[in-house]
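Asks: This is what each chain is made of:
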Amino acid sequence: MAEAQAVTPQVFTRRASGLVRVMSPYSAFIYNILTMGVIFPWTYLWAPTAFQGSNLVLGIGFAFLFELPIALAYTWLATALPRSGGDYVFQSRVFGGGFGFTVVFAFFVVWILQWVALSGWLLAALGIAPTFLGLGVTTNIHAFTTIGTWAATSNGIIIISLANAIVAAILLVSGFRNYVRFQYVMWYAILLSFGIVVILFLTTNPAAFHTKINSFAGAIDGVKNFFGQAKAAAAAGGVNFHPPFFLFGTLMVAPIAWTSLQWATYSVEQGGEIKNAHVFRNQLFIIVGSLAATAGLLILLALAMNHGIGGDGIRVASSGYWYLNGKALIGGGYMFPNLIAMGLTASPIIVALIGIGFILNSFQIVCNCYIGCTRIMVAQGLDGLLPDWFARVHPKWKTPANAHLAYFLAAVPVIFAFNKIGDWSTKWALGVTFANGAVMTLSALAAALLPYRAKKLYEASPGAKYRFGATPMVTIFGTLGFLFGAFMVGAFLFVKDLGLAYTASAFPYVIVVGTAVFGLIVYFIMKQVRASKGIKVEYAFAEIPPE
Amino acid sequence: MPLFGKKGTAKAVPTRLFYACDIHGSEPTYRKFLNAAKFYEVDALVFGGDLMGKLLIPMVRDTGNTWRARLAGQNHHITSDEEMKQFKKVLQTLGFYWQEMDPEEYRQYEGDQERIDDLFDVLAKERLAGWVALAEERLAGTPVKIYLCGGNDDTDEVLSALDEVAEDRVVNCENKVVPIDDEHVLATVGYSTPTPWVTPRERTEEQIGAVIEKLMVDVPDPSRCVFNFHCPPLDSSLDTCLKLDASVWPPTPLIENGQAIYYGAGSQAVTDSLKKYQPTVGLHGHIHESRGAIRFGRTSAYNPGSEYGEGVLRGLIVGIRGGEVVGHQFTSG
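If you read the protein sequences in the order shown, they are chains A and B.
Here this note's numbering is used: the first residue of the first sequence is 4, the next is one more, and so on.
Here this note's numbering is used: the first residue of the second sequence is 306, the next is one more, and so on.
Bound-form chain B, shown alone (with noise of 0.2 angstroms):
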């Protein structure tokens, strides 16, 4: 049933996205985001980057077969297997990873922070292989692809698991075009400009633009992409946020005349993008609190933001036909 089609018309029927990002390890966030298809009754699913998560939970042995264990800034004593599979899955939801270790395994990995992020790419990386197959379990047997991408928090280890899948449902969309319909396609681009927290996957302005440009090169009607843009349009108020001090870790607001300053976080590089090819649609995000939608002349920019965390998936259903969004709906599912 064409839910963006208009009675009376012999117009084509739109193909419905559903477009969600940035949900950094949060298994009921990914599992939502598959049942996307089905709820939402979409065609495809698009991920807009930042799949990893941020911390490492080391559960320590303790006496006798207890572990101890620190979240949110307090100290777990967790004391029976249904204390930790409570534990466990409280992690799940946040996006957070786990190691059990005895207390000697657990001093090595202390201010060994090269070993420490050894560990997360193992850890994302195994996260990251399950949900490649839980979406082709999900999805087999229906039309709807999944298309699966990094943002700038990602690793390229950890994204080298999208290299690995077999492509029937789950595409990687990594720095490519990719069709989406029969009559547009979709370019990726998941890096991000420099941030206060010199994350992976971050670029220059020119970086950016030489990527995107490159891309270009392989769609035949920029007018029928779909720009799935980690980064959002700079000053566009889809990337406002705090501007903070790099100069301290964890980078800390910068405060003028006692007051934090706001500021956009988006790419100046992307900016330009839109407002030279028009695309069909672009989508972003990178900025969780900055959720929203702009236009740049014909073309429709959107961030939904994201609440992971809290195990809400923020996202967007957008239809397209014939190079034209046909209607939009910001979710929270």
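Chain A with its partners taken away, still in its complex shape (with noise of 0.2 angstroms):
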């Protein structure tokens, strides 16, 4: 058989249609990445001073290896369906309907608005402010000054926000290529500017930024010896700057980094668009890979800033966010860690490198909340949970025109409220981590039992030849990755510093049992409707058994 052994035989062809899709496995990749944010200050501002003695490195590691599973269960589960509505049709599947459309809608769906409001005042404060603030100072114009002092304060913020929310709905709608093609542009000048704020911060050291920072806060808002005196308030207000490690603070750090790295299976909401979405190691590169590389940039950010300005800048700079402390702002915002990268400059083309890569950031979380949420809401619209009015294509733009109407009108109340109600942010919006991370986590759960479940699908699968022994290794990855989610799900309900335990009060616990409540209503509302119709919404998720 020497001759049968030379044979490698090839698949035969015919000529017949096949499906394409638009969105290449790197373009995925990077839009998790940008969806991360490595540009979110909250791991730098928060964690330092609400657990004292904590370590950021390790606690960005520790936050890496927790989502890590749930990442790996969401690989499962994207090859298993690699559909648009993602998490929404993976509970569905494995929970049933009334369960995936009421978590999926209220804890996404809903609390997502927070984030459109919540993107509007990133491009506002951690974007624009600091560069015209940089530019002000660099170039010695008042003008710019005074632009990144006013989009600083809340009607700045509150018209910053709505433009930003208008200008990503009218991209959105004219066309998903149209922003896909703008990513590039979005991804390469977040990764010019994140490179410029290491190489500032790894280019100086604590005495030289202490110099600097004076010179700079001295310039916009004429204080002098800044640096000094936001020392002595933190100090005064209890920030103690030589805390010993805290073991179980630095697990706390975790959590907050993860409002970060959640986002790394958000490509899912859009898997009916992504070219071989079904390949196993597409969907590896595109989720594991992304979180991998995100948390790399995370932990080099904080080696830096630990480099650069040490841990006494690291923690003045989070005492104005946590303390309060007004001695540590800078022109009435943050010291964010690009605001303090351009205060370690004098050029200002390098300010406005760092300030484009920010702005275009924050402008890439709010699109991600449309192009998420929208894809959720027509699979909900076609599946009969929502009206068919919010499931239609547009027929020239080729997208979901309703779907992204409707979630800029609910939006702009939340933008309002975010910028106008004094503790809007501490009574409503902190419960967005916990919300978005109960998804997140359930979707582990669901990928735990895709084997038993959703027999036949599973089976189907690519992942289904995986296992570990007896046991799916989709199972062993589920498992885990719901107890890690829990258990940082479960910090942002009880832990005091980390979320709806804050205000010591019942009420943020009442809004999310309410948005959960009133998912439930849409979803028995909605069953009615269709029932008086004559239509079971059940159909929409049960799996017909093939013998």
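Hints should not be assumed to be uniformly reliable.
Unchecked claim - Now the in silico label distances, taken between C-beta atoms and shown as ranges: (1) Val520(A) / Val318(B): 31 to 39 angstroms; (2) Tyr29(A) / Lys393(B): 32 to 40 angstroms; (3) Ala545(A) / Gln583(B): 30 to 38 angstroms; (4) Glu511(B) / Val520(A): 56 to 64 angstroms; (5) Gln583(B) / Ala534(A): 22 to 30 angstroms; (6) Ala317(B) / Gly99(A): 45 to 53 angstroms.
To be verified - Using 30 angstroms as the maximum straight-line C-alpha spacing, the simulated BS3-like pairs for lysine-lysine come out as follows: (7) Lys430(B) / Lys393(B); (8) Lys343(B) / Lys459(A); (9) Lys581(B) / Lys536(A); (10) Lys393(B) / Lys458(A); (11) Lys530(A) / Lys343(B); (12) Lys458(A) / Lys519(B); (13) Lys459(A) / Lys430(B); (14) Lys539(A) / Lys343(B); (15) Lys394(B) / Lys468(A); (16) Lys390(B) / Lys468(A); (17) Lys278(A) / Lys393(B); (18) Lys580(B) / Lys399(A); (19) Lys393(B) / Lys468(A); (20) Lys459(A) / Lys581(B); (21) Lys278(A) / Lys394(B); (22) Lys459(A) / Lys390(B); (23) Lys536(A) / Lys580(B); (24) Lys499(A) / Lys330(A); (25) Lys581(B) / Lys399(A); (26) Lys458(A) / Lys580(B); (27) Lys393(B) / Lys343(B); (28) Lys390(B) / Lys458(A); (29) Lys278(A) / Lys548(B); (30) Lys390(B) / Lys430(B); (31) Lys530(A) / Lys459(A); (32) Lys394(B) / Lys536(A); (33) Lys393(B) / Lys459(A); (34) Lys399(A) / Lys548(B).
What the hints assert, rightly or not - Only part of the chain B face toward chain A is listed, based on derived beta-carbon distances under 8 angstroms: (35) Asn340; (36) Leu360; (37) Ser542.
If you're looking for bench data, these hints aren't it; they were derived computationally from the structure.
C-beta: ideal position from N, C-alpha, C; glycine also.
Work from the hints to combine the two standalone chains into their complex.
Replies: This is how it looks when you write it as structure tokens:
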């Protein structure tokens, strides 16, 4: 049979049409990294004084390890069900439509409206304000400083947030390919910007930082010895500048860093648009690869900041955010890493390059709020759980224009409330950390149960061949992911410095439960409406036995 | 029990149809389609075309009782009966055909597309004949009928298997007008407009329009006609897909300013007929990724999409009564 061994058979094909998808795995990888937001400042502003003695690098490392099994579980789900609507599809298939709809509608679609407001705040306070303040200092043009200061006011944030939401909606309604094209601009801009920030931190030292930040803040606010005053105020407010290592606090950094890293799975919401989304290694690259890359970048920034501004610099910056230390604000805004980096350079070009990256990444955040949630709404509309109007795709633009319009209109009051209601961010907005995390944790559980609750579907998936003994790998990763996710979601619920427990009031819990009840009410109303027309919405999710 | 009936009304019970299409040879998906009648409690199963699979996997005999094959970019060496059983099960789910052959026989096929196409026809016709027999067996003793037709990807040779059915439970509705209940008829057209893939049953807009007009002569009341047209209406959102470069094989996405281009790949003739005749409902397929619904005047048109490769049966339950749709539900079973 020597002749037989020489044959490597190829597949025979015929002339038949095929399905082609638009988003490459590389684009989806970029999308996830941008969504995770290496620009998010909370790990560096929140953790150092909320959990004094915590180690940022270790904390981000814990977040990566906790998210890893969740990301792996999603890899199995994404290859088994490569469809738009991701989490909703996964949970509906495994737990049933009522559960999947309620959880994803309430905790994603409703709560991500906070992210639309938050992304506007990011664009104003983290992107535009620092950029113009930095340009004002480096060019000595006062108008720039005035714009930067205005951008950090509540009116400035509201106007910028609304403009942000309108431009994003128009871009996305005009065609998804327009977004994908622009995403490359955003990607290279943030890479350049982030790289410059890291280099600026790595090429300075704490002593030089004190001098430069004093000069920078002095030019903006006219204050003398800014850093000394800010540090003294922080110490007086309770910040310990020589804290012993705090292991529990380091563990508590993980949920904060997880508010970034949890979005490694967000590409599943448009799984139906990713090329070869059913191929295992593609999803590994998209989800796990983007997670590892982003965790690496966050750790790199933490190391670079520690080198450049030292622990004292990080604690002073954090005191402005967490201890409301007014002396640690520059131009009325927090000492974000990018603002500090701008204070380390005298070049307006460097300031502009840093600023453009942060501005574009902030804009991308609102885009992905729309992209993910409108896809979910379309999937829910097609399943009969939202009115058909939401599911309509515009014939000319080929985009879910109605869902985009609805989401924009729903975001407008949230943007106003976020910036005009005093304690909104502590009573309402913190619920988003719990709600979004809960969706992902429950999807990890769905992954664990996939081989048992959707047996045929699982057996037809490429991940079915991976087992540990008799146990499917997805069950192992899904269970671990669920446990780690539950730990972090639990922390958001019960640890005072992390989320809902912050105000020591039942009100935030009532809001979270209220949104879930709202989702359930919408489900039962739609179920009744459909039933009045003779429709059983359960049919949308039930798997027919082939035998 | 009339699921679509309203309490206290004396209206007639609606007819419930289950529609699916584009299963491309997938065995578990077809079996689900048959079981959908009982599962969804419907009165008729309507298939919208594209029955044939797209790939044929040659299994070439190797040393001993082992076989070599290639699937999804990977070489497989099958060394036991159990492995062979599992491998064939995967192929059935994916809708692929297979043929065991010696190396010499394999070499005769290599590069000879006409010979490969003939083998496709033989295997696909064999599978379709088996499916027809299975339908007769599964639906025997029930009032449910199954209406089968081809799509643009199916060859006339393979579809000839439908001409040989006994027509007890299985109805060959290809290019025909057939009754679907006491008050509605089903008009079926399986052609599509030209595609970059140059598939077996493509027609020009004029030809599709002419086929539709010819069928409509036999329709007594267009408002009580269900259109089962494989090709969706042009630029309707039921037909959105990537624009492809047909000058290369396989066709690849056309790139403009670094990005792929979406367009409508449906039929203007289908659009015109929906607007002109205002049928009860339009049932369409062809573009797997373009699941959705749209209205043309009083007429709703649907494309349930397709995910046959994952063993998932995407479909649509639609209730009709008196020439109107009384309810619809997309399914993903």
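Asks: Against this structure, judge whether each hint is valid.
Replies: Consistency of the hints with the structure:
no. : hint                                      : result
1   : Val520(A) / Val318(B): 31 to 39 angstroms : 37 angstroms, holds
2   : Tyr29(A) / Lys393(B): 32 to 40 angstroms  : 35 angstroms, holds
3   : Ala545(A) / Gln583(B): 30 to 38 angstroms : 33 angstroms, holds
4   : Glu511(B) / Val520(A): 56 to 64 angstroms : 57 angstroms, holds
5   : Gln583(B) / Ala534(A): 22 to 30 angstroms : 28 angstroms, holds
6   : Ala317(B) / Gly99(A): 45 to 53 angstroms  : 33 angstroms, violated
7   : Lys430(B) / Lys393(B)                     : 18 angstroms, holds
8   : Lys343(B) / Lys459(A)                     : 19 angstroms, holds
9   : Lys581(B) / Lys536(A)                     : 27 angstroms, holds
10  : Lys393(B) / Lys458(A)                     : 18 angstroms, holds
11  : Lys530(A) / Lys343(B)                     : 22 angstroms, holds
12  : Lys458(A) / Lys519(B)                     : 47 angstroms, violated
13  : Lys459(A) / Lys430(B)                     : 26 angstroms, holds
14  : Lys539(A) / Lys343(B)                     : 14 angstroms, holds
15  : Lys394(B) / Lys468(A)                     : 14 angstroms, holds
16  : Lys390(B) / Lys468(A)                     : 15 angstroms, holds
17  : Lys278(A) / Lys393(B)                     : 26 angstroms, holds
18  : Lys580(B) / Lys399(A)                     : 18 angstroms, holds
19  : Lys393(B) / Lys468(A)                     : 15 angstroms, holds
20  : Lys459(A) / Lys581(B)                     : 43 angstroms, violated
21  : Lys278(A) / Lys394(B)                     : 25 angstroms, holds
22  : Lys459(A) / Lys390(B)                     : 16 angstroms, holds
23  : Lys536(A) / Lys580(B)                     : 25 angstroms, holds
24  : Lys499(A) / Lys330(A)                     : 25 angstroms, holds
25  : Lys581(B) / Lys399(A)                     : 22 angstroms, holds
26  : Lys458(A) / Lys580(B)                     : 44 angstroms, violated
27  : Lys393(B) / Lys343(B)                     : 28 angstroms, holds
28  : Lys390(B) / Lys458(A)                     : 18 angstroms, holds
29  : Lys278(A) / Lys548(B)                     : 15 angstroms, holds
30  : Lys390(B) / Lys430(B)                     : 22 angstroms, holds
31  : Lys530(A) / Lys459(A)                     : 27 angstroms, holds
32  : Lys394(B) / Lys536(A)                     : 39 angstroms, violated
33  : Lys393(B) / Lys459(A)                     : 15 angstroms, holds
34  : Lys399(A) / Lys548(B)                     : 15 angstroms, holds
35  : Asn340                                    : 5 angstroms, holds
36  : Leu360                                    : 5 angstroms, holds
37  : Ser542                                    : 4 angstroms, holds
When each numbered hint is compared with the structure, violations occur for hints 6, 12, 20, 26, 32.
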